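A.B. asks: Chain W with the ligands: place on chain G using the hints.
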Amino acid sequence: MRIIQSDVLSVGAGLAGERVAIEAAENGFSAICLSIVPARRSHSSAAQGGMQAALGNSAMGEGDCPDVHFADTVKGSDWGCDQEVARLFCDNAPIAMRQMAFWGVPWNRVVPGEQTYYKGGKPFTAFEKPENEGLIHSRNFGGTAKWRTCYTSDGTGHCVLFTLDNRAAQVGVTVIDKVEVIGLIHDGETCMGAVARCLKTGELTAYLAKATLIATGGFGRIYRESTNAVICDGGGLIAALDTGVVPLGNMEAVQFHPTGIVPTDILVTEGCRGDGGTLLDKNEYRFMPDYEPEKAELASRDVVSRRMTEHMRKGLGVPSPYGDHLWLDIRHLGEHHIRTKLREVDEICQSFLGVDPVHQLIPVRPTQHYSMGGVRTNKDGAAYGLKGLFSAGEASCWDMHGFNRLGGNSLAETVVAGMIVGAKIVEFLKGAETVIKTASVRDAMAAQQARIDGLVNCASGRENPYAVKNAMHDAIMKGAGIFRNGKDLETCVADLQEILARARKVGLRSNGQGANPELTMALKIEGMVKLALCVAYGALKRTESRGAHTREDYPERNDRDWLTRTLATWAEGADLPTLNYEPATHVFEMPPGDRGYGGGKIIARDE
Amino acid sequence: MARTLTFNIFRYNPADSASRPRMDRFELPETERMTLFIALNKIREDIDPTLMFDFCCRAGICGACAMVINGRPGLACHTKTKDMPDEITLMPLPVFKLVGDLSVDTGTWFRGMYQKVESWVHTDKVFDPAAKEERMDNALAEQIYELDRCIECGCCVAACGTALMREDFLGAVALNRLARFILDPRDERTEKDYFDIVGTDEGIFGCMGLLACEDVCPKHIPLQEQLGKLRRKMALASIKNMLPQFLKKDF
Ligand SMILES: Cc1cc2nc3c(=O)[nH]c(=O)nc-3n(C[C@H](O)[C@H](O)[C@H](O)COP(=O)(O)OP(=O)(O)OC[C@H]3O[C@@H](n4cnc5c(N)ncnc54)[C@H](O)[C@@H]3O)c2cc1C
Ligand code: SF4
Ligand code: SF4
Ligand code: FES
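Keeping their order, the protein sequence lines are chains G and W. With our numbering, you'll find the first sequence wraps up at 625, consecutive numbering, no jumps. With our numbering, you'll find the second sequence wraps up at 262, consecutive numbering, no jumps.
Chain G on its own, in the form it takes in the complex:
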């Protein structure tokens, strides 16, 4: 049996995982990061927008401070977040950005004097103070009170990840890539590490650690339509759920984006609609004004996504080999505007679709974008249910996002949480020893080997893992997509339960040797269907609308009954998760109120 030991094991080498590992290594502890892909290819690299931190250096960010950032975050979450955590995050974000600058991120900086900026496609000027010259600049992103998003041109996530991985190499963090964690090692009380399969050789290894961190990012790929990287399939969450004792928080809180391109679901910015782009159906008819006479295409993300889905359900979508879609039309904005102000969109259309948006329509559909839910932790990042298990980043439900994360807050969360949780793990390591039980290690390894053998020998059946995945994709988008109501959710849950039974009968067509990709898929499909059920069942039970979770049959936000966080665990052999609830927050710095956007009625708390 191959065994590798360290003080800290991070499952994930994206921004959150590496930031935690660096903190441990700087404090003299050995740290290993495991990753499916080389660290720098982690999905964090795809975030182009930026990171929110209330530095207040720019003209449009003047007067910003953590208090204003906090108010934006809590409102954004629709009061679903843990306010203590949101406060911790906002207070520490400026420090984290400066630290990233210290380590080498080439943040864009303030250029003094009169500058031209754009809002809603229109230029205006603002005066940047000479005394702020050369400090970290900020841009507009995600509908906040101040311009607070720190950025490096169009490659923020990329630069920050490269910088962190440089730092990781410098301080001696061991990064092992092309390995995939498929289970945790634990005894029901303490986590002792993880079992991972090598994606070069197929070999299993037990990685033992005093502290194990789940930092595997989002699980968007339980949906077919997702902006997430293809490796974002929730492996870390599945491992946590499989323990039977670690709960996942708010899995029903899933954010969608109205305009992913078809077929690859790469995101095109909302700037297109902001600047006057329109949405057309299969008859090239502009339908949004019929649904939203006032705002049309400029209604909020959720509303536009829902109306698009509604319209396609009426059979008015454009059929394609990849399913129905709609058209985004920006032709009338003109060549000059498209080639300069919407250059990124132009490039995406040309490079990935072969469509010239100056003359042609862009095929789009709403797609899954961000997972607010994840491994539920306390404010120190310690997972509920198992000692020695932690979580950070998009994989976690720490929970500063509640039912809706603000653009720019998630990338910032990774490094801020990484800094805070990393320090707490260091404290944990200094305070205690973890006893590694060899029986738990042996059992976990044997269980995983048995799973693999069963799949290769088709011991439970011959279901095709890709067919099961496709069935899951169909079911979840129908019921637990953007558009939710009791009837469709009930069908969705029932369908997913059947699909779960099929997932348990998967068997390989091939021999499973080495880094066999069919086996890779087969090993996670049951877990992915379980995650889908956590989303759908949680959404069915939550009879209110809050943030991104919108129920047609329960349109109000219900603070009287639902100012809560859903906690989903999975009992062995069950075909549904067990749901429990806890208060959304214990501290109310800001009592529930109106968000000031999105409309919607509120059922008030009983005082």
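What the hints contain is simulated information worked out from the structure, not anything from laboratory work. Computed from a prediction, not measured in an experiment: that's the story for all the values here. Worth double-checking, as some hints may not be accurate.
[Stated by the list, open to error] Stretches of chain G that chain W covers, calculated by requiring three or more beta carbons in the stretch to come under 8 Å of a beta carbon on chain W:
| id | stretch |
| --- | --- |
| 1 | 186-195 |
| 2 | 218-229 |
| 3 | 240-254 |
| 4 | 362-371 |
| 5 | 521-531 |
| 6 | 583-592 |
| 7 | 600-612 |
[Claimed, not checked] Straight-line Cα separation of at most 16 Å, EDC-like style, residue types lysine to aspartate or glutamate; simulated pairs:
| id | chain 1 | residue 1 | chain 2 | residue 2 |
| --- | --- | --- | --- | --- |
| 8 | W | Lys108 | W | Glu178 |
| 9 | W | Lys143 | G | Glu149 |
| 10 | W | Lys91 | G | Glu365 |
| 11 | W | Lys230 | G | Asp172 |
In this text, a Cβ means the ideal position worked out from N, Cα and C, and glycines have one as well.
C.D. replies: Below, chain W with the ligands without anything else, positioned relative to chain G:
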């Protein structure tokens, strides 16, 4: 439309003792707006579930999907079938260790590179959480960003004659990385420190300047310009190193 595409794909699974290197043919009807990402996944899901290849972002951002496409290194996700002939031949990147079929191990190669060029900011300063950030000119930040855009796809290494011949050659990607740190005032390394890393035949003096690297770089990093600058700087530094101590001046 409605072409049938023929894919000739290199196959070999080193972990399977029964496997021998060979080329496999697959036929696939072309669909609208198809990229190699769509096509390869379709082959794997519908025809051969064992086919190994790597994708991650599928948006030209992460560098995972580099392979040799009809003889030229490039990003598969960034390649539209519409721009390709009816026959498409796919090979794994050379230089990097083969994992299987089209998948190679870039992680190990690049981590080795970070250690060789010490790909991080060298400074004696200590971060002060209470202090404001050090100032930087925005134009300089943008220049650094320009070189920081490299996605470590490995295309430049795979296309480089020197890298193919000598395993220890740093490659354009590493030389560009060093150029990035030379630009960055936060990195306090001296010219001598940089010279010790790249002033050798494994470094800048091994480069034959044929510039296949810049040609294939999907991010259009100005490699030619960076290699030229580095060569001049290091040639100067080597002359300085040869001079007797009393003659050394700043050039
Ligand atoms: C297209 C797009 C654009 C975005 N833009 C922005 C933006 O501008 N601003 C913003 O704030 N947010 C943005 N986000 C969200 C943000 O990028 C993510 O929330 C954040 O990067 C997540 O970082 P992470 O470290 O938690 O996870 P990731 O960066 O996703 O890293 C996950 C790591 O876990 C590893 N891993 C996964 N499963 C396993 C397993 N089973 N075993 C071993 N390793 C595993 C992966 O290999 C990877 O190393 C965007 C998201 C998308 C999809
Ligand atoms: S110019 Fe130098 S680095 Fe580039 S391909 Fe030629 S030999 Fe390689
Ligand atoms: S320099 Fe260009 S070709 Fe070379 S690794 Fe970087 S992005 Fe790829
Ligand atoms: S998959 Fe990321 S660059 Fe192609």
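A.B. asks: None of the hints should be skipped; say for each whether it holds.
C.D. replies: Against the structure, the hints:
For the stretch 186-195 of chain G, the assignment as covered by chain W holds, since 4 residues bring a beta-carbon within under 8 Å of that chain's beta-carbons and 3 suffice. Only when three residues or more bring their CB closer than 8 Å to a CB of chain W does the claim for the stretch 218-229 of chain G stand; here the count is 3, and the claim holds. Counting residues of the stretch 240-254 of chain G whose CB falls under 8 Å from any CB of chain W gives 3; the rule of at least 3 is met. Coverage of the stretch 362-371 of chain G by chain W holds. Counting CB-CB distances below 8 Å, 4 residues qualify, and the rule asks for three or more.
A count of 5 residues in the stretch 521-531 of chain G with a Cβ less than 8 Å from any Cβ of chain W is obtained; the coverage claim is therefore met, three being the minimum. Coverage of the stretch 583-592 of chain G by chain W is violated in this model, with 0 residues showing a Cβ closer than 8 Å to a Cβ of that chain against a need of three. Restraint check on the stretch 600-612 of chain G versus chain W: 0 residues with Cβ-Cβ distances below 8 Å, three needed, restraint violated. Between Lys108/W and Glu178/W the CA atoms are separated by roughly 11 Å; this keeps the pair inside 16 Å, and the hint holds.
As the CA atoms of Lys143/W and Glu149/G are separated by approximately 13 Å, the hinted pair is consistent with the 16 Å bound. The hinted pair formed by Lys91/W and Glu365/G meets the criterion: a straight-line CA distance of about 13 Å does not exceed 16 Å. The suggested pairing of Lys230/W with Asp172/G holds, with an alpha-carbon distance near 13 Å, which does not exceed 16 Å.
The structure fails to meet hints 6, 7 from the earlier list, while all remaining hints are met.
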